[in-house]
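As they're listed, the protein sequences go chains A and B. Per full-length UniProt numbering, the first sequence starts with residue 1, numbered consecutively. Per full-length UniProt numbering, the second sequence starts with residue 1, numbered consecutively.
Check the hints yourself; a few may be wrong.
Over the 10 Å line for every Cβ pair with chain A, so calculated as not near, a few chain B residues [said to hold, decoys possible]: (1) ARG14; (2) GLY17; (3) ASP114; (4) ASN377; (5) PRO547; (6) ASP567; (7) PRO701.
Derived coverage of chain A by chain B (criterion: at least 3 residues anywhere in the stretch with Cβ under 8 Å from a Cβ of chain B; other residues may be distant) [said to hold, decoys possible]: (8) 23 to 32; (9) 36 to 45; (10) 92 to 101; (11) 115 to 124; (12) 153 to 161.
Read the hints as simulated data drawn from the structure, not as lab findings. Just so it is clear, CB atoms sit at the ideal spot from N, CA and C, and this is done for glycine as well.
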Amino acid sequence: MDSEITLRVDGAAHELTVDVRTTLLDALRERLRITSPKKGCDHGQCGACTVLLDGRRVNSCLVLAVTVGESEVTTSDGLAVDGEPHALHRSFVDRDAFQCGYCTPGQICSAAGMIAEARAGWPSAVTADVTEAPNLTDAEIRERMSGNLCRCAAYAHIVPAVAAVAEAEGVRR
Amino acid sequence: MTTTERLIGAAVPRIDGPAKVRGTAPYAFEHDPGERFAHVAVVLSTVARGRVSALDPAEAEGMPGVLAVLTPANAPRLADDLEPDLAVLQSLDVHYRGQIVAAVVAETSEIARDAVARVRVEYAAEDPDVALGVDRDDLYAPEQLMAGFATDSVIGDVDGALAAAAVTVDATYETPTQHNNPIETHTTIARWDGDSLTVWDANQGPHTIVRGLAQAFGLDPGQVRVISPYVGGAFGSKAFPHPNQIMAALAAKAVDRAVVYELTRPQMFTLVGHRTPTIQRVRLGADAEGRLAAISHEVVEHTSRISEFAEQTATPTRVLYAAPHRRTTHRLARLDVPPPTIMRAPGETPGMFALESAMDELAAELGLDPVELRIRNEPDRDPERDVPWSSRNLVQCLRTGAERFGWAGRDHRPRQRTEGRWLVGTGVAAATYPARRRKAECRIAASGDGRYVVEIDASDIGTGAWTALSQIAADALRVGLDDVELRIGDSRLPFAGGAGGSTGLASWGSAIVLTARDLQRRLDEEHGGQVPAGGLTVDGGVDGASPHAETHSMHSFGAHFVEVRVDRDTGEVRVPRATSVYAAGRIVNARTARSQFLGGFTMGLSMALHEETVTDERLGHYVNHDLAEYHVATNADVGEIDIAWIDEDDTLVNELGVKGIGEIGITGAAAAVANAYWHATGLRVRDLPITPDKYFRELRPA
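Using the sequences plus the hints, can you model the full thing?
Next up, the structure:
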């Protein structure tokens, strides 16, 4: 069964007809050929497909395209504004927080979503005092970024790359 | 326009970094083949041995949007001399569970996946034989090992020396089946134009894939083009042709349209190889001061029934320590498993776990500092080939690492330190990997405006080759980075071997340097040192191994120091910090090199604590075939990792003095973790991975 939908991605609206079984990830990659989000497992296990849905991070392989509705989808490519890289883009390049780069757009969307979660006061499994405003220590970043696998294993560079931006955004003290 | 050493050694940021972080660097799936592609999905065998007895495609064929259902009955025929695993859909025989037995080509991926579930397949199944064991009566010695290594090496009287030794270790170590699992699954877009085939493919060397496809379809290599500028990780699984590239080309031929075949994650466990499990018996004999008299390292591992892959597991034992009496052997069992392949440092990775664990056990027997034990057994020449080293700085790595890590004052007895519930220990292990060079060709075109186009079919699988080769080219041409346009990852470019065996920079870099020298010489001799108005193009390269490889032993070395904490109540293992120091020749890019070392070590940590593919011995089935069940290290599993290297000026290995750094980081890493685990707990886990259940098994042996 097909359905006509409009997907708002990185500031642009796209009208398309999709099979109702189509995931948001496949709608982006296969239909719209927006390939910044990557497919690594298609099962919500690796995080390579992470995008922001109205600012919250989701595994786009676990979202059906027909359920997105009016929500704004932001990919790592869309985090760049007017061609200017996002602070996370710069920080990842500076610290060489990737090798093959395939998981990286997902890592960056995840980091952006995670910083917003911290700003909103969300604790994590390693937050000692859940009544305090979160402080993105290295341990907090490791925990909160563990839904994004990196087989090149750049983790020890991802942590400082995210930390630098978290600090600039006031969620790391 | 200053010195030739301007860029080599500098921490140049990845030139492909800005595109990769935004997600705009095109990986295989993301290319435009010039027409709308159809989607391939495959039916995999559900038995491990036998034959397809009935196959009914009718329901799938009748579905709207299905373009074709391919089976052995209707698939285009391939060359009949293909290795069996690449003869996709050419027979009804089933050689392993998870083999392609049928395929659907459809307008959309949803339809294709739906249709494969409607292809009815029945089997005449036989019981599979998939259990590796040292007591099997069909173990055999292969003619040679991977990369041409001898199957066995025997020097002196090992058994006599072991019997006479003051102190001995005799232990058996096991490593499980492991899977490469790059995050980009193997993906191929295939398009035919008449008899010409173009594929956009995830691989480690386009020329290698061309060979496989040309052979399969009876084409001249010039009729096949493989394009692979960006590759989402590989670790060995993308080195050789696998059924997926053949499948894509077969499907495109059958429907006369471009297709894409993107492996699912579960398919990554049977169609593109794995690291063989190993059972390794190591015996060491030493005098009371720890000087080795004998080293014996006997390996049992598997290969598939349909093809031979003989991993060179004990080869590091041939170079690491001095001992007059020495033996290494490799025996294989042919099993009903998918063909194994290379996975990051094949041979060294499992082999060094065994050897470096045994060295730690010997140090414990002797009551000796394990760093000192290694230093006492430092060979001044290659102990088996009896030739000098081109350079060897293992001792300096051990000493520097000990200093950086804070090894001094360690109580070498196990289970001496606790912090709250945590048992705390430290461990050390050496690392080593061969330094080799392979044939590579290069073309450099100089234009009158001061720009240079450098072409070579190199691969960047995440190594940083885009950047490092640009640095090498700029220095060799004595220009700035912006004046060089590098082209790699396309079989139309001059030949180069794939990214494997840590040979990339040694081979491709040398080819660039030599071609640049030729270009300069011709400019000087024929054009007065100026690029002529019409430009000048020069072809060059390197033929293969270093001319000094016969007379010298060439290897990288390193040392890992690891702190491990084990929860005394749950057996949970944490690695809060580690130091690794490497002596690996000249480092071309300090930034990307650090990532190479870091990634290698961390994959070794992952091997030590997490990675294991579990085989159901009744069904020949890989039980944990996805990333939720096949555990790899996550961000929270990795602590502070200190990476350092020693300046090494090796003029014999190649033109650049580089030794290759993609693999040495993983070698020895798992042993360092296991040795620290023993130091923390007093428990010796000799079968990886060291999961919490093994803490209780060792605490209360049956």
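Evaluated hints:
In this structure ARG14 (chain B) is not separated from chain A by more than 10 Å, as the shortest Cβ-Cβ distance comes to only about 7 Å. With a cut of 10 Å on Cβ distances, GLY17 (chain B) falls inside the contact zone with chain A, its closest approach being about 4 Å. With a cut of 10 Å on Cβ distances, ASP114 (chain B) falls inside the contact zone with chain A, its closest approach being about 8 Å. The beta carbon of ASN377 (chain B) is kept farther than 10 Å from every beta carbon of chain A, the shortest such distance being approximately 31 Å.
Consistency note on PRO547 (chain B): stated as away from chain A, and its beta-carbon is indeed over 10 Å from all of that chain's, at 32 Å minimum. The claim that ASP567 (chain B) lies off the interface holds: its Cβ sits roughly 15 Å from the closest Cβ of chain A, which is beyond the 10 Å cut-off. Chain A leaves PRO701 (chain B) outside its interface by the beta-carbon criterion, the shortest separation being 34 Å against a cut-off of 10 Å. Requiring three or more residues with a Cβ within less than 8 Å of a Cβ of chain B, the coverage given for the region 23 to 32 of chain A holds, as 3 such residues are present.
Counting residues of the region 36 to 45 of chain A whose CB lies closer than 8 Å to any CB of chain B gives 9, so the stated coverage by that chain holds, three being the minimum. Using a Cβ-Cβ cut-off of 8 Å, 8 residues of the region 92 to 101 of chain A lie near chain B, which meets the minimum of three, so the contact claim holds. Against chain B, the region 115 to 124 of chain A contributes 0 residues with a C-beta closer than 8 Å to a partner C-beta. That does not satisfy the three-residue criterion, and the hint is violated. Coverage of the region 153 to 161 of chain A by chain B holds. Counting CB-CB distances below 8 Å, 7 residues qualify, and the rule asks for three or more.
Of the numbered hints given earlier, the model fails hints 1, 2, 3, 11; all others are met.
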